[in-house]
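Use the sequences and the hints to build the structure in full.
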Amino acid sequence: MKLSGIRYLGRQGLDNIWKNRMMAFASFCVLLVSLLLVGISILFYINLNSIIGGIENKNEVIVFLDENINDSQLKEVKSKLDQIENIDEISYYSKDEAFESMKKSMSDYEKVFDSLGDDNPLLDSYRIKIKDISFTSETVTLIQELDHVYSIRAPYDFVNILTEMRKIITLVASAIIVALAIVSMVIISNTTKASVFARRNEISIMKYVGATNAFIRVPFFVEGMVTGFAAGLIATIITWFGYDAVVELLTKEVNILNIIGIGSIIPFNDIIFKVAGTYILAGGCIGALGSVISTRKHLNV
Amino acid sequence: MVELKNVSVTYSTGVDALNNISLRIDDGDFAFVVGSSGAGKSTLIKLILKEIDATSGVVMVNDYNLSKLRRKKIPEFRRTIGFVFQDFRLIPSMTVYENIAFVLRVIDAPRKYIRKRVPYVISLVGLQDKANSYPNQLSGGEQQRVAIARALVNDPQLIIADEPTGNIDPELSYEIVELLKGINECGTTILMVTHEHDLVRHFGGRIININSGEIVFDEVIGGNNEA
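Heads up: the protein sequence lines correspond to chains A and B, in order. Read in my numbering, the first sequence has 196 at position 196, and its numbers run on one by one without any break. So the number in my numbering is just where the residue sits in the second sequence, counting from 1, plus 1000.
No lab work stands behind these hints: they were computed from the structure. All figures in this text were calculated on a predicted structure; none of them were measured in a lab. There may be inaccurate statements among the hints.
Stated by the list, open to error - Result set (BS3-like, lysine-lysine): computed pairs, CA atoms no more than 27 Å apart in a straight line:
1) K297(A) <-> K1181(B)
2) K193(A) <-> K1072(B)
3) K297(A) <-> K1073(B)
4) K1116(B) <-> K297(A)
5) K19(A) <-> K297(A)
Unchecked claim - Between beta-carbon pairs, the in silico distance windows are:
6) R1115(B) <-> F273(A): 57 to 67 Å
7) A245(A) <-> P1119(B): 56 to 66 Å
8) A1131(B) <-> I293(A): 29 to 39 Å
9) K19(A) <-> D1063(B): 35 to 45 Å
10) K1072(B) <-> I293(A): 14 to 24 Å
11) K1005(B) <-> R11(A): 44 to 54 Å
12) K1046(B) <-> C29(A): 32 to 42 Å
13) M1060(B) <-> R11(A): 32 to 42 Å
14) G10(A) <-> S1133(B): 24 to 34 Å
15) D1027(B) <-> I293(A): 34 to 44 Å
16) K19(A) <-> A1131(B): 14 to 24 Å
17) R11(A) <-> S1133(B): 15 to 25 Å
18) R11(A) <-> R1071(B): 23 to 33 Å
19) I168(A) <-> K1072(B): 46 to 56 Å
We treat Cβ as the ideally placed atom computed from N, Cα and C, and that holds for glycine.
Now the structure itself:
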């Protein structure tokens, strides 16, 4: 096909949007709502995950070291810890620091501490942040095998709750997202079918004058794609404003959430290109494919 | 050229629409196909357009053997035929010009040629003033003339007119047939289905009468206008 032919068909597709503006608008709305439903669910899920991730980052495994450990042994333990994959951060906490902070937090019992004098009953420790807390117990086992480790305190309850929560949220969120995606596909395919059905006479006339299937489909393809792009663009804008409004509400009004890591909510500016790209690409593909697939039935004349 | 050899069509419902008919319409002929409704006229047309396939027998149209024609080749085949329908079948969202130009765009004709050819066929059917009108702004007779211009535009070997006068005023019907006659004189084969006997008697020519799926009459008669 010549370039002028392709240009003609492309323009036909654009003209068709205007000529069939009611149906085009219906397809646009359905696509927009579907994109928003699925998109917002995914964003909600990602943020929930990020918040849990934020909470997880507050995990701390404390590795108590042998009572009379010397500097070279300390270094040895440190370098061994460095080699463990699942450890994110290691910080040294000497028994003197521990003693001071204990004194401060229990200032009412000053006398007890005084009676101890310089005799510090506490142990030197390394405080460790775990990367992936679902492997906490495996990592703890690895640390236990090291020399000069006296004991380990790990937040198992915390870890278990978070891991379970994450599993449940992932399961529920995927189910909801898949269900919404299916519902959207059904509605979209019905809308495009209706839009194509309204023009079945036109299609049959084209067939009678010897148009190939591709010739008939290209305008529908262009039309669906452009409608989808538009829906994706508007979905991006709506999500942007909605998202920012919700974040503002949460950060300003709801103080409780601050405690459990509202800071982990992803700022929209960080993901705007990803969100826009996904929306527009998904809108374009679904729109184009939907209308092309719907023409198939009417092409067998 | 249209040639049918021992063609039968049985629909899946068990109805025998055409029963072992043979027929030959040579290049340059003008033939009327008449018969009461349900006689098999529409089946004959559908057969020639390859909308349906013959249950048995051979259908040759413009050197295409339709029973052996593959789906992919159907568009190419249909470009050798022009159609005129009772209900005009113009695309309502396109102007007269676009409706006609569309046929040429389908065959990927050069834009220069389209710009020359379309106004020419529009003038042939006498609608120069209506080129930018939409179908719903035209009378039935005018719409049918647009349809004829559309059938004509890519210079097909054969034009099939299925009750072209069925939806227009009787006095305008003669005009439409005159137009088809004129096209026929330039060498295009024309097959016109009708049940308006007055019209057939007036013009005369080859008459093919189909009844209950069989050809009961196929002869050339003189028309009133020639007497």
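Evaluated hints:
no.: 1; hint: K297(A) <-> K1181(B); result: violated, 38 Å
no.: 2; hint: K193(A) <-> K1072(B); result: holds, 24 Å
no.: 3; hint: K297(A) <-> K1073(B); result: holds, 19 Å
no.: 4; hint: K1116(B) <-> K297(A); result: violated, 36 Å
no.: 5; hint: K19(A) <-> K297(A); result: holds, 22 Å
no.: 6; hint: R1115(B) <-> F273(A): 57 to 67 Å; result: violated, 45 Å
no.: 7; hint: A245(A) <-> P1119(B): 56 to 66 Å; result: holds, 58 Å
no.: 8; hint: A1131(B) <-> I293(A): 29 to 39 Å; result: holds, 36 Å
no.: 9; hint: K19(A) <-> D1063(B): 35 to 45 Å; result: holds, 38 Å
no.: 10; hint: K1072(B) <-> I293(A): 14 to 24 Å; result: holds, 20 Å
no.: 11; hint: K1005(B) <-> R11(A): 44 to 54 Å; result: holds, 46 Å
no.: 12; hint: K1046(B) <-> C29(A): 32 to 42 Å; result: holds, 40 Å
no.: 13; hint: M1060(B) <-> R11(A): 32 to 42 Å; result: holds, 39 Å
no.: 14; hint: G10(A) <-> S1133(B): 24 to 34 Å; result: holds, 26 Å
no.: 15; hint: D1027(B) <-> I293(A): 34 to 44 Å; result: holds, 42 Å
no.: 16; hint: K19(A) <-> A1131(B): 14 to 24 Å; result: holds, 19 Å
no.: 17; hint: R11(A) <-> S1133(B): 15 to 25 Å; result: holds, 21 Å
no.: 18; hint: R11(A) <-> R1071(B): 23 to 33 Å; result: holds, 28 Å
no.: 19; hint: I168(A) <-> K1072(B): 46 to 56 Å; result: holds, 54 Å
The structure fails hints 1, 4 and 6 (numbered hints given earlier, in ascending order).
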